[in-house]
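**Q** Using the hints, position chain B against chain A.
Protein chains: 2
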Amino acid sequence: MSFKVPEDIAIGLEEELGRKFLERIWGKSPTYTCVIGNTETAKIPGLSAAGANPEACDFTPAADMELLFFGKCKCMDGVPVTPDGIPTPGIVTMSAIKLTSMPIFVVNGGLKVRPHVPFFDVDGSPGEDIRTGRAVKDPEKCFDRAVLAGRNLAKISDYLVVAESIPGGTTTALGVLTALGYDATGKVSSTLPANPHSLKNQIVQEGLKANGVGKDGFRNDPMAAIEAVGDPMMAPAAGLVAGAAESVPVIMAGGTQMAAVLAVVKGMDSSALKNVALGTTRWIMKDNTSDLRDLVSQIGKVPILSANLNFSTSRYDGLKIYETGLVKEGVGAGGSTIAAIAQSEGRITARTMLDEIEKNYARLVSRR
Amino acid sequence: MSFKVPEDIAIGLEEELGRKFLERIWGKSPTYTCVIGNTETAKIPGLSAAGANPEACDFTPAADMELLFFGKCKCMDGVPVTPDGIPTPGIVTMSAIKLTSMPIFVVNGGLKVRPHVPFFDVDGSPGEDIRTGRAVKDPEKCFDRAVLAGRNLAKISDYLVVAESIPGGTTTALGVLTALGYDATGKVSSTLPANPHSLKNQIVQEGLKANGVGKDGFRNDPMAAIEAVGDPMMAPAAGLVAGAAESVPVIMAGGTQMAAVLAVVKGMDSSALKNVALGTTRWIMKDNTSDLRDLVSQIGKVPILSANLNFSTSRYDGLKIYETGLVKEGVGAGGSTIAAIAQSEGRITARTMLDEIEKNYARLVSRR
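Here the protein sequences line up with chains A and B, keeping their order. Under numbering that gives the first Met the number 0, think of the first position of the first sequence as 0, with each following residue one higher. Under numbering that gives the first Met the number 0, think of the first position of the second sequence as 0, with each following residue one higher.
Keep in mind that the hints were calculated from the coordinates and are not lab data. Backbone N, C-alpha and C fix where the C-beta goes; we use that ideal spot for every residue, glycine too. Do not take every clue at face value.
Coverage of chain B stretches by chain A, computed from C-beta distances (three or more under 8 Å per stretch; other residues unrestricted) [said to hold, decoys possible]:
| id | stretch |
| --- | --- |
| 1 | 94-104 |
| 2 | 109-119 |
| 3 | 151-161 |
Computed Cβ-Cβ distance ranges for the label pairs, DEER-style [stated by the list, open to error]:
| id | chain 1 | residue 1 | chain 2 | residue 2 | range |
| --- | --- | --- | --- | --- | --- |
| 4 | A | 344 | B | 211 | 39 to 45 Å |
| 5 | B | 343 | A | 296 | 43 to 49 Å |
| 6 | B | 25 | A | 216 | 55 to 61 Å |
Straight-line alpha carbon distances no greater than 20 Å define the calculated EDC-like cross-link-like pairs of lysine to aspartate or glutamate that follow [what the hints assert, rightly or not]:
| id | chain 1 | residue 1 | chain 2 | residue 2 |
| --- | --- | --- | --- | --- |
| 7 | A | 208 | A | 182 |
| 8 | A | 300 | A | 22 |
| 9 | A | 208 | A | 127 |
| 10 | B | 73 | A | 122 |
| 11 | B | 140 | B | 122 |
| 12 | A | 73 | B | 137 |
| 13 | B | 19 | B | 344 |
| 14 | B | 3 | B | 22 |
| 15 | A | 214 | A | 182 |
| 16 | B | 97 | A | 245 |
| 17 | B | 71 | B | 357 |
| 18 | B | 27 | A | 157 |
| 19 | A | 3 | A | 15 |
| 20 | B | 73 | A | 139 |
| 21 | A | 154 | B | 157 |
| 22 | A | 111 | B | 122 |
| 23 | B | 285 | B | 14 |
| 24 | B | 111 | A | 122 |
| 25 | B | 111 | B | 122 |
| 26 | A | 27 | B | 157 |
| 27 | A | 3 | A | 22 |
| 28 | B | 154 | A | 157 |
| 29 | A | 73 | B | 122 |
| 30 | A | 73 | B | 139 |
| 31 | A | 97 | B | 245 |
| 32 | B | 73 | A | 137 |
Looking at chain A on its own, in the form it has when it is part of the complex (with noise of 0.2 Å):
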C-alpha cells in the first residue's frame, strides 16, 4: 500500500520527493531546532515590518524563543507583533510543540538581545547593514561549530526541523541568493503590505558594490557571499542542515529565507540535499509578491511541503488576519505544523492546530 499524503499537508514542489520524505517522517519524532539572530538590515527605512519600530525588532527572537520554552515572553511584554498589530507566527510553532512535546534547540547565529533560555552559542555576531558589503563576521568559523551541532543532535534525532527568526532576513537572503548567481529578484517575501522589491534589489546591489568582489565572485563561496551580505542566522542554520542531514532527514521549516540557507547548503556539502525539504505554510505558497518555488526549483531538487494553516475561520481578529498575507511564515510555524502532524500520524490536523493556536492567543494577546 503505497504511502498517502495526509490532506493538511501539500506538496509545492517534487511530488515524489516529496512524497517519500514525508513516508520517511511519518510517526517518528522530530527535534526542533531554531537559530536566531539580528541584522542592522532590518532598521532600514521601509525595508521590513520591523523597520517601523527599530528597537523593538532587536527583541524578536530572543521572545519568540522564550515563547516557545515558557509559552510566554520575558524579555518584553506581551508577544512581538507587527505594526499591523500581527502576532508572531512564534504562536503557531509554539502550539505545535504543545501539542507533540518535541525537544527545543536554540542556537545563537548573532544576537543583540539574548533569550532567557539555553542556547548553543557558535561564536557568531550580530550583523551589520549590509549596505556596508561587510554584514557578517567570520560566517565559516559558525558554519563549522553549527556541523558539530547538528552531528550531534542526529546522533540522537529522528530527524530535525531547522526554522529560523531573524528579522529583515528577506532582504540578506535576496543579497546571498543574488550573490551566489540565482535569480531572486522579485522573488523574496515580505511582511510588508507592499513587498518592496526594488529598495530590496537597491539596498544588495549597494552592499555587493561596497563589498568590491565583481559580479560572479561569489558563486562557488557560500560564506564570502553571507559575509559580504548574508545575516548571521544563515551559516549556523547551513551548518546545522549539513551537520545533520549526513544521517537523518532535515525539514528546511521557512519561506524565502529557508531557499538562501539551502543555496548556502548545496554550496557547502551538496550531498546534503537529498536529505532535506522544505517545510513551509500555505501563506508562502499563495503569496503573489513572491516565489519560492522558483527559488528552490533553481537550487536543486528539493521538495517544498507546506502546511494548510488556514485562519479564515478563526473567531480571533489577530488571527484572522494572517489570510491577508502579511505575516506568512517565521520561527518555523509551516514546518513544525508538519512535524507535529507527521509524527501523529495525522491525528493533529490543521483544525486541531488552529485550536491549539486560538487557546494560546487568546491567553497570550486578546487580554493586553
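**A** Chain B alone, transformed into the frame defined by chain A:
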C-alpha cells in the same frame, strides 16, 4: 535471571541500587554532557596542581572539550598536563567517546577561555576566588536554564552522563559541602602529591567569613552556598542533572566535585536522587587522601559505580603514572567508561579501553 554486574565496574556504595541502575542503562545509548568553567580559586598558590601554572589552567576546560570533539586540542599545543606531566583524564573520556560514538554536549558554566566547539550558553560568568565570599554570579539563573537544557536533552536520550572540567574544583567542592552542613573536611580529593587539606579548609573558612552569613545560614540554600564559596560549574551541572532526572537516569560522572553537585541537586530537588548514580574511577575509590564514599553516604541513598581502569600494565610511563593516584578523575573519565561498557553490554572492557587510550596517548603525547 538476575542482572550480573560486569567485572570492570565496581559498586562502591548502595550495592542493590547500583545493580539496578546498571541494569537500567545496560545496552542503552548514553548522551554525554560536560559542564566547564573557570574559577580564580584555582590560582591560589599551593592549593591545586593548576595553581603551579595559573595562566595555563584557564585553558584546560576548553582544551578538554576540543579533545573530545576533534581528537586534539585547538586552543593549545598538545594536551593539558599537570606540572608533573600527567596528561588530562580527558584522554580517557575521548577514548570512551571514540569507541561508542556517543553524542557530546558542552555547557559553558562560566569560562575565561571558550573552546572551539559549539556549547550551551546558560549565561554564566567565570568564578571569583572563594576567599571573597562572592564566588559566583547568579547561580540560580544558570541552574534554571540548565534544567531546561537537561529536560530537552532527556526527551531524546536514553540517559545522560553529566561530567565536569574546572581546575580548582575540589576546593570549591569543600566550600559548598561545608556551607551545606556536610562534614567534608579532609574528604575532597586533589591532584597534588600531598592533598593540602588544611590550606583548603582555611580558604573555605575565609570565604564563608567574608560572605558574612553565619553558621548554618546556607543549610537550605544551595544557590547561596554556590554564590558564596562555589564555582560556576556547579549550578549548571546540578540543573542538567535535575532536569534530565525527571525522566531518565543520569550518571553524575566525577569524584568529590560531583559529590558537591549531588548535594546541590538534593537541596534543589531531592526527588532527582532516585534517578542518579555517581560514576567514577577506581583511582578515586582507592584514594586514601579523600573519601567519596563517606561524602555521598552523608547526602543520600545514591549508588557509586566505579570503572576499574588500571594503567599499571601500560607500556607508556605517562599513563602508568595514573597508578600513583595523582590524577584520578576529570572530564567524566570514570562515568564515560562505565557508559561505554554498559552501551556495549560488556564488549568494551577496561582492557579494550586501555588499548584505545594508549593509541590516543601515543598520537597526542609521546611524540611531543
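**Q** Hint by hint, say whether it matches the structure.
**A** Structure-based check of all given hints:
no.: 1; hint: 94-104; result: holds (count 5)
no.: 2; hint: 109-119; result: holds (count 6)
no.: 3; hint: 151-161; result: holds (count 5)
no.: 4; hint: A:344 / B:211: 39 to 45 Å; result: violated, 60 Å
no.: 5; hint: B:343 / A:296: 43 to 49 Å; result: holds, 47 Å
no.: 6; hint: B:25 / A:216: 55 to 61 Å; result: holds, 57 Å
no.: 7; hint: A:208 / A:182; result: holds, 18 Å
no.: 8; hint: A:300 / A:22; result: holds, 17 Å
no.: 9; hint: A:208 / A:127; result: holds, 15 Å
no.: 10; hint: B:73 / A:122; result: holds, 15 Å
no.: 11; hint: B:140 / B:122; result: holds, 8 Å
no.: 12; hint: A:73 / B:137; result: holds, 17 Å
no.: 13; hint: B:19 / B:344; result: holds, 15 Å
no.: 14; hint: B:3 / B:22; result: holds, 8 Å
no.: 15; hint: A:214 / A:182; result: holds, 13 Å
no.: 16; hint: B:97 / A:245; result: holds, 18 Å
no.: 17; hint: B:71 / B:357; result: holds, 15 Å
no.: 18; hint: B:27 / A:157; result: holds, 16 Å
no.: 19; hint: A:3 / A:15; result: holds, 11 Å
no.: 20; hint: B:73 / A:139; result: holds, 16 Å
no.: 21; hint: A:154 / B:157; result: holds, 12 Å
no.: 22; hint: A:111 / B:122; result: holds, 14 Å
no.: 23; hint: B:285 / B:14; result: holds, 17 Å
no.: 24; hint: B:111 / A:122; result: holds, 14 Å
no.: 25; hint: B:111 / B:122; result: holds, 13 Å
no.: 26; hint: A:27 / B:157; result: holds, 16 Å
no.: 27; hint: A:3 / A:22; result: holds, 8 Å
no.: 28; hint: B:154 / A:157; result: holds, 12 Å
no.: 29; hint: A:73 / B:122; result: holds, 15 Å
no.: 30; hint: A:73 / B:139; result: holds, 16 Å
no.: 31; hint: A:97 / B:245; result: holds, 18 Å
no.: 32; hint: B:73 / A:137; result: holds, 17 Å
Against the hints set out earlier in the document, a violation occurs for number 4 only.
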